[in-house]
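Peer 1: Chain by chain, the residues run as shown.
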Amino acid sequence: MASENPTSTEYIQHHLQNLTLGVHPDGTIGIAHGAAEAREMGFWAIHLDTMFWSIGLGALFLYFFYRAASKATSGVPGKWQNFVEMVIEFIDHNVRGTFTAKNDLVAPIALTLFVWILLMNFMDLVPVDWIPLLATWIGIPYMKVVPTTDPNATFGLAIAVFVLMIYYSIKEKGFSGFFGELAFQPFPKWMFPVNLLLEGVSLLSKPVSLSLRLFGNLYAGEMIFILIALFYSGGLMWGAVGGTLQLVWAVFHILIILLQAFIFMILTVVYLDMAHQAH
Amino acid sequence: MTQEIALLYIAGGIMLGVGAMGAAIGIGVLGARFLEGIARQPEMLGMLRTQFFIVMGLVDALPIIAIAIGLYVLFAVVGGAG
Numbered sequence: 010m011a012s013e014n015p016t017s018t019e020y021i022q023h024h025l026q027n028l029t030l031g032v033h034p035d036g037t038i039g040i041a042h043g044a045a046e047a048r049e050m051g052f053w054a055i056h057l058d059t060m061f062w063s064i065g066l067g068a069l070f071l072y073f074f075y076r077a078a079s080k081a082t083s084g085v086p087g088k089w090q091n092f093v094e095m096v097i098e099f100i101d102h103n104v105r106g107t108f109t110a111k112n113d114l115v116a117p118i119a120l121t122l123f124v125w126i127l128l129m130n131f132m133d134l135v136p137v138d139w140i141p142l143l144a145t146w147i148g149i150p151y152m153k154v155v156p157t158t159d160p161n162a163t164f165g166l167a168i169a170v171f172v173l174m175i176y177y178s179i180k181e182k183g184f185s186g187f188f189g190e191l192a193f194q195p196f197p198k199w200m201f202p203v204n205l206l207l208e209g210v211s212l213l214s215k216p217v218s219l220s221l222r223l224f225g226n227l228y229a230g231e232m233i234f235i236l237i238a239l240f241y242s243g244g245l246m247w248g249a250v251g252g253t254l255q256l257v258w259a260v261f262h263i264l265i266i267l268l269q270a271f272i273f274m275i276l277t278v279v280y281l282d283m284a285h286q287a288h
Numbered sequence: 294m295t296q297e298i299a300l301l302y303i304a305g306g307i308m309l310g311v312g313a314m315g316a317a318i319g320i321g322v323l324g325a326r327f328l329e330g331i332a333r334q335p336e337m338l339g340m341l342r343t344q345f346f347i348v349m350g351l352v353d354a355l356p357i358i359a360i361a362i363g364l365y366v367l368f369a370v371v372g373g374a375g
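Chains as they are written, first to last, in the working numbering: chain A, 10 to 288; chain B, 294 to 375.
Please keep in mind that the hints were generated in silico from the structure rather than gathered at the bench. Everything numeric in this text was worked out from a predicted model, so none of it was measured. Where hints are given, some of them may not hold.
Looking from chain A toward chain B, a few residues come up when the C-beta cut is under 7 Å (computed) [unchecked claim]: (1) Q90; (2) A169; (3) R222; (4) I275; (5) V279.
Where is the CB? At the ideal position from N, CA and C, for every residue including glycine.
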């Protein structure tokens, strides 16, 4: 990429392209060399960079928190144990304030969602070019390091939450209770097609809005980082302006990534609470 | 500049503008109520602030989605079609 001097549009599109592994139209398996080729691979292509970074960051979170738990002392805590305890107390406080039924799985789900999404979002603060540049040196053409800017990742998270919602709804209320909740309110029972439509839309809008909210915030943030990075190609003075803008936007973005991870977690707890409520 | 690309630019611009307008009005109203709540009960500041950020995240969701799709249209779709 350093040799051909791309235009602005090519630079932007290069940074928006995931590392896609799939079946080309002629039947060979390979990595797409461009957005058009990636589109031709269809639905079943895998974004290798998203998978690598999301699973890698999840493993990192598990390893560090497991170490804190296994080395926990009841005496004066070390710095890392202190930090982990702060995070767990924060999640505990929020879940206790929001979740009214009895389920031991909800707080760990909330902790996992919050820390994992926060870690994935945090990759957005690394300057746009650095990691893709390292990747090109080892021969990887495209690398997007923020898994949450890939709608596949956010929809995966939201679908998992949706499955949990339906599972707990059916477990707590029975299948007839769950169906009754969808079909027999808010209008009287004989209007059940209308009820089903309204409640069905309301049910489906929950995972869709969860995932698109996270995706939209992170995608817009990453897009602005890419646009600011275009400043660096204009010489020293424009590069200095770009550097300042990047710093300012990064500071604002810290608030956004914390907020979006927190909102995803709180809404998940609220939806799970709604699934446990018997009417 | 074909007509298709011109229309795509206009579409992207409208998406960004209307989304920003919706977000600004919504969060403005929300912030006004927040300030009102603090003025009435200053001791509830911490709780109100948490709820303010939660509701801001919800209000902001659709405008941000509109902005994300608008930016996508402006930069990726236009580049692909042109």
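Peer 1: Look at each hint and say if it fits the structure.
Peer 2: Structure-based check of each hint:
Because the closest C-beta pair between Q90 (chain A) and chain B is about 26 Å apart, greater than 7 Å, the hint is violated. Taken as an interface hint, A169 (chain A) does not check out: its beta carbon lies about 19 Å from the nearest beta carbon of chain B, beyond 7 Å. Annotation: interface hint on R222 (chain A) holds; nearest CB of chain B at approximately 4 Å, less than 7 Å. The closest approach between the C-beta of I275 (chain A) and any C-beta of chain B is roughly 6 Å, which is under the 7 Å cut-off, so the hint is satisfied.
For V279 (chain A), the suggested interface contact is broken, since its CB lies about 9 Å from the closest CB of chain B, more than 7 Å.
Comparing the model with each numbered hint stated earlier shows that hints 1, 2 and 5 do not hold.
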